[in-house]
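Put together the whole structure using the sequences plus the hints.
Protein chains: 2
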Amino acid sequence: MSSPEPVAPPLRRRGERMRRAVLAAAVDLLSSQGLAGATVGAVARAAGVHETSVYRRWGTRENLILDALTTELDAALPVPDTGRVRDDLLAFFSALARLLATPQGRALLRLSVEHDDTLEDRRGPYWSERLDRAVVMVRRGVERGELAPDTDPGLLIEAVSGPLFVRVLLSGAPLDDVLVRGLVDLALTGARPR
Amino acid sequence: MSSPEPVAPPLRRRGERMRRAVLAAAVDLLSSQGLAGATVGAVARAAGVHETSVYRRWGTRENLILDALTTELDAALPVPDTGRVRDDLLAFFSALARLLATPQGRALLRLSVEHDDTLEDRRGPYWSERLDRAVVMVRRGVERGELAPDTDPGLLIEAVSGPLFVRVLLSGAPLDDVLVRGLVDLALTGARPR
Numbered sequence: 001m002s003s004p005e006p007v008a009p010p011l012r013r014r015g016e017r018m019r020r021a022v023l024a025a026a027v028d029l030l031s032s033q034g035l036a037g038a039t040v041g042a043v044a045r046a047a048g049v050h051e052t053s054v055y056r057r058w059g060t061r062e063n064l065i066l067d068a069l070t071t072e073l074d075a076a077l078p079v080p081d082t083g084r085v086r087d088d089l090l091a092f093f094s095a096l097a098r099l100l101a102t103p104q105g106r107a108l109l110r111l112s113v114e115h116d117d118t119l120e121d122r123r124g125p126y127w128s129e130r131l132d133r134a135v136v137m138v139r140r141g142v143e144r145g146e147l148a149p150d151t152d153p154g155l156l157i158e159a160v161s162g163p164l165f166v167r168v169l170l171s172g173a174p175l176d177d178v179l180v181r182g183l184v185d186l187a188l189t190g191a192r193p194r
Numbered sequence: 001m002s003s004p005e006p007v008a009p010p011l012r013r014r015g016e017r018m019r020r021a022v023l024a025a026a027v028d029l030l031s032s033q034g035l036a037g038a039t040v041g042a043v044a045r046a047a048g049v050h051e052t053s054v055y056r057r058w059g060t061r062e063n064l065i066l067d068a069l070t071t072e073l074d075a076a077l078p079v080p081d082t083g084r085v086r087d088d089l090l091a092f093f094s095a096l097a098r099l100l101a102t103p104q105g106r107a108l109l110r111l112s113v114e115h116d117d118t119l120e121d122r123r124g125p126y127w128s129e130r131l132d133r134a135v136v137m138v139r140r141g142v143e144r145g146e147l148a149p150d151t152d153p154g155l156l157i158e159a160v161s162g163p164l165f166v167r168v169l170l171s172g173a174p175l176d177d178v179l180v181r182g183l184v185d186l187a188l189t190g191a192r193p194r
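For the record, the sequence lines run as chains P and D. When the letters of the first sequence are read in order and numbered with UniProt numbering, they come out as residues 1 to 194. When the letters of the second sequence are read in order and numbered with UniProt numbering, they come out as residues 1 to 194.
You may find that some hints are simply not true.
Restraint ranges, calculated between C-beta atoms of paired labels, are given here [as the list claims (entries may be wrong)]:
{"hint": "1", "chain 1": "P", "residue 1": "Tyr55", "chain 2": "D", "residue 2": "Ala42", "range": "33 to 39 Å"}
{"hint": "2", "chain 1": "P", "residue 1": "Ala24", "chain 2": "D", "residue 2": "Ala42", "range": "42 to 48 Å"}
{"hint": "3", "chain 1": "D", "residue 1": "Thr60", "chain 2": "P", "residue 2": "Arg98", "range": "35 to 41 Å"}
{"hint": "4", "chain 1": "P", "residue 1": "Ala148", "chain 2": "D", "residue 2": "Glu143", "range": "23 to 29 Å"}
If the Cβ cut is set under 8 Å, some of the chain D residues that face chain P in the computed set are [unchecked claim]:
{"hint": "5", "residue": "Val79"}
{"hint": "6", "residue": "Pro80"}
{"hint": "7", "residue": "Pro163"}
{"hint": "8", "residue": "Ser171"}
{"hint": "9", "residue": "Leu186"}
No lab work stands behind these hints: they were computed from the structure. Note that beta-carbon positions come from the ideal geometry of N, C-alpha and C, so glycine has one too.
This is the structure in structure tokens:
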């Protein structure tokens, strides 16, 4: 316990290696063949493990896919702190737009709106947690006096992120930097003449 | 042809009556039992017609449901023209929020994001057409000088409607007038101090 470099016991490390191999295979299959292609059998074959080991660890195919996507995507959405609210928002929402334009991002969002009892507790929270993290950019803007004191941080984040999600889910319209800039500037400045 | 009150031939009128009865039954079942309860058999029984007549007219269950929901909901989203852009937007988006809070509205939106080849061509356009209609409120605001001349009308409509759709599809957070007012005022005024 006082060791400066505590290491997991061998069994656990093997488990972690297996876990990473399976998740990487799942992400590859999701990217190349979409949700339908990422069956437990195909993932297990690609990772070189037994199908039963996958079921033992994840229980269901849905849990495996969710774990693969969230692990993969979590690194892709850092919350910046540039000292200027507009730059922070542009960086964050450009990253979100890029993410939603990837096959994995689309797959995770599609999975999030499908009815499925086994996932109900984890998918909604996935996006809410990421957007909750983003709220701090707005709070800092208020503290610096860049934004009005009565700004509702959550509402601003919803107003910029909502159209990005809707374009993926409903309209299929493209996500690009022009769109992100337009939404951020509308939320900051409004459409009234100044 | 020069008759002042042209009437449809008897056969066609019977068809229209049958159509309305089936659509009303479908809406009732969707409201009371959700998407899963609105089978062709249940709808036909409730409308007092043969299941084969329903298939002959609509082809698939999905077409029937879509027809029922769009017919029902079309009357619920008028585009107001009060002479003030804020009042127009509040009225329109409050109506949209109320609509999305009904079982039928939810059902139509859920149906719109589900993958289904038979509906692909009609569901996306359903919402796009309704939002396209809304753009005129913003244009009139620009013409009256209430909004900046470089306002992007479609973007403003997306910024207000997006969060409403996302709350239904992803977060399950409530849709109320406080939310609608907050989104409309953010899009009009922005979060920067004035």
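Cross-check of the supplied hints:
The hinted window of 33 to 39 Å between Tyr55 of chain P and Ala42 of chain D holds, with their beta carbons roughly 36 Å apart. The hint said 42 to 48 Å for the Cβ distance between Ala24 of chain P and Ala42 of chain D, and at roughly 46 Å that hint holds. Between Thr60 of chain D and Arg98 of chain P the beta carbon distance is about 37 Å. The supplied range of 35 to 41 Å therefore holds. Distance hint for Ala148 of chain P and Glu143 of chain D: a CB-CB separation of about 28 Å, consistent with the stated range 23 to 29 Å.
Interface hint at Val79 of chain D: violated, since its Cβ lies 18 Å from the closest Cβ of chain P, which is beyond the 8 Å cut-off. With 8 Å as the threshold, the beta carbon of Pro80 of chain D stays out of range of chain P, its nearest partner Cβ sitting at about 18 Å, so the hint is violated. Against a cut-off of 8 Å between C-beta atoms, the interface hint on Pro163 of chain D holds, since the closest Cβ of chain P lies about 4 Å away. The beta carbon of Ser171 of chain D is positioned within 8 Å of a beta carbon in chain P (closest approach about 6 Å), and the interface hint is therefore held.
Given hint, Leu186 of chain D at the interface with chain P, holds; its Cβ is 6 Å from that chain's nearest Cβ, closer than 8 Å.
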